[in-house]
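Asker: Residue numbers (my numbering), protein chains in the order written: chain C, 1 to 477; chain A, 1 to 158; chain H, 1 to 88.
Hints may be right or wrong, so weigh each one.
PhoX-like, lysine-lysine: derived pairs with alpha carbons at most 25 Å apart [as the list claims (entries may be wrong)]: (1) 56/C - 61/H; (2) 108/A - 93/A; (3) 44/A - 180/C.
Hints were generated in silico from the structure; no laboratory data involved. Here the structure is a predicted model, which means the values were calculated and not measured.
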Amino acid sequence: MSEKRIREHPVLDFQRKDGFFFDFEGKQVLAYPGETIASALYAQGLQRFTESKLLKRPRGFFCAIGKCSSCIMRVNGVPHVRTCITPAREGMKVERHGAMPEFPDTTLPCPKVKEENIEVAVIGGGPAGLSAAIVAAENGADVHLFDENTNLGGQLVKQTHQFFGRYEEHAGTRGTDIGKDLAKRAEEAGVNIHTNSTVLGYYHKNKIAVDAGNRLEIYGCEGIVYATGAVENFLAFENNDLPGIYGAGGVQTLMNEYGVIPGDRVLMVGAGNVGLIVSYQLLQAGVDVVEVVEAMPTIGGYQVHASKLRRAGVPISTGHTVKKALGNEQVEGAVLHELDENWEPVTGTERTVECDIICIAVGLKPDNHFLRLAGCKMKYVRELGGMVPLRTETLETSVEGLFVAGDSAGIEEATVAILEGELTGAAVTEKIKGGSEKLLAVKKRARAGIEEMRKGPYGQRPLEGVRACTFEGVCPE
Amino acid sequence: MKGYESTGIIHGKDIPWPSEKRLSQGPVVIIECVENIPCNPCVKVCPKEAISKTEITDLPDIDHEKCSGCALCVTECPGLAIFVVDCSYSETKCRITIPYEYLPRPNKGDTVHALDRKGDMVCEGEVVRVRESGKTLGVTLEVPREYARDVRGMRVIE
Amino acid sequence: MTTVVCRCEDITEDDILEAIRDGYREIEVIKRHLRLGMGPCQGKTCIPIIERIVARETGCKTQELDIPTARPPSRQVSFSLLAGDDRD
């Protein structure tokens, strides 16, 4: 097993001290504070995290942000623990599923349930959620923010590139710095921050249930802002479940949050902004990107991102996709082929590339599970990436008091997520505590900012999408 | 369909280019940004007000006469799409300032591989200046003058 | 050939094509028939894929497809938490 931790990086600085060990199937594994079980294991070269139940196929960690459950292991005797979001602790005992488990310890106490009434619950600590929490707390609301990860900032903390947008907003700043800045401001504004806390469900009258790790917590909320972002799309191709085939978000998390490289030679599938940006970040981390393939006839992401890759010598092949992954225990290569204008494979165009990682970046879908639980009226809006809630101009859903912001409301840029967060933070505070000049000003500024971001050719799609799901007055059936 | 939409490679005809007269007068900015991205750091950072936009989604409007070639925008552009070219000081050489965010870091005096927009090596270049701003380097290379329109990247020789 | 759609429950594209041929044409029905989307991740990876497969095979538009009912808990949770009583 080879060490995969990044020692030097042109942008990021990984502070590693006070290393400790935990037990993985009888072996001592080194970890550093802030690392998850999965990132520490991957850093040691572990590829096979689970074995599938029926087909007995090896599986890697895959999403790395707590969504896919490909990394679940038994931790200190507890089965099905998502190792990708569970912090590594000294002396913990980690093992893969498969062997016959011991009977659970029946002497463990069942922790007491905490029940509390609060004013505003913000679910999700990324750009939208943090911005909403900051505005609400700064305007006198009692705000609780829940995020299932250890670190706040959502996907921002993984963005090593400078952001586009308005100079006054955050443009020219690296995403990772924006994330840290928002987290600091939320703390300073007096937001009650609950990390490692997973929201499990929505119940009558805006009650939410939270798995706080050591106990169940029930919160009665006067207002909720839901901002958990997006989930990644995945592709169906032969051998698509091999270890070494990961979502772009997973690769980004591993590399830029935990400082662990995914492998040595990466095939990137998808030339939208996510695919292009993650490819660039791989190059920055010293990883070879052998090729970027894109099924569409044109590059979906910004030309400037594509040009950066081309200048670094990375080929981009439009009208191409991956037909199958090669390898038995892990990825050893991929077979690519061309697609015609009807998306049909062109015979005779198959070729093989050597790679040990296939990174999938074929778009995002709004994370909407909680909104569907809450009974929000939903609509499929292609321009926003999938099923989104109907909403008012201040992003309140058909369920009174439940607001939505960021990618959960529709896939757009991080700048829009921040502005939508500010808008909903102001709107939810206004609803609970009454209006004020200051709140009115925040709303006005945020709405003007969103409008400005949706100008121009790249703004047309989301603009049309938002028009298709925004209602005035009573929500339509 | 423009070529860069499927290749990611910009061509000289896609971008505004300063006049021969302006090129002969001193360093000047070349902005390879063609897509109406909502973005404005280049406008805000320019001390000479040589770059302007009415709407944030406009393409940058460049007044090459006002530009002093200071290269502040080179490290500020989030798209790493701004370069400065200086063809004014020699019959045979020119200097090109490019943004750079990789390791290993180039140092003044190094000989490096100068690359074109496709990442192919064009010639060798000498690093004459390295300026850092927020972890982005603005690296000024000296290369033969005939490559002023081609060199847009570099690779450190290890 | 193994093209996996649902990673948690090991359901392949062939399983789904067979189910569609057998007359299971709605996502909710395919889910109940095959246990697709009923594993620990609760359909976060497979539902987008099956939407595309069902749309392609049945000729429906994606926006006309049903999506499975959402039920709590959104994530796996240990029994001891749910069993906790004696509220504060």
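Asker: For the pair supplied as a hint, residue 44/A and residue 180/C, confirm whether the alpha-carbon distance does not exceed 25 Å.
Answerer: OK: residue 44/A and residue 180/C at ~24 Å, within 25 Å.
Asker: Can the restraint linking residue 108/A and residue 93/A be considered satisfied, given a maximum Cα separation of 25 Å?
Answerer: 17 Å, holds
Asker: Compare the distance between the alpha carbons of residue 56/C and residue 61/H with 25 Å, and conclude whether the hinted pair is satisfied.
Answerer: 35 Å, violated
The structure does not agree with numbered hint 1 stated previously, though it agrees with all others.
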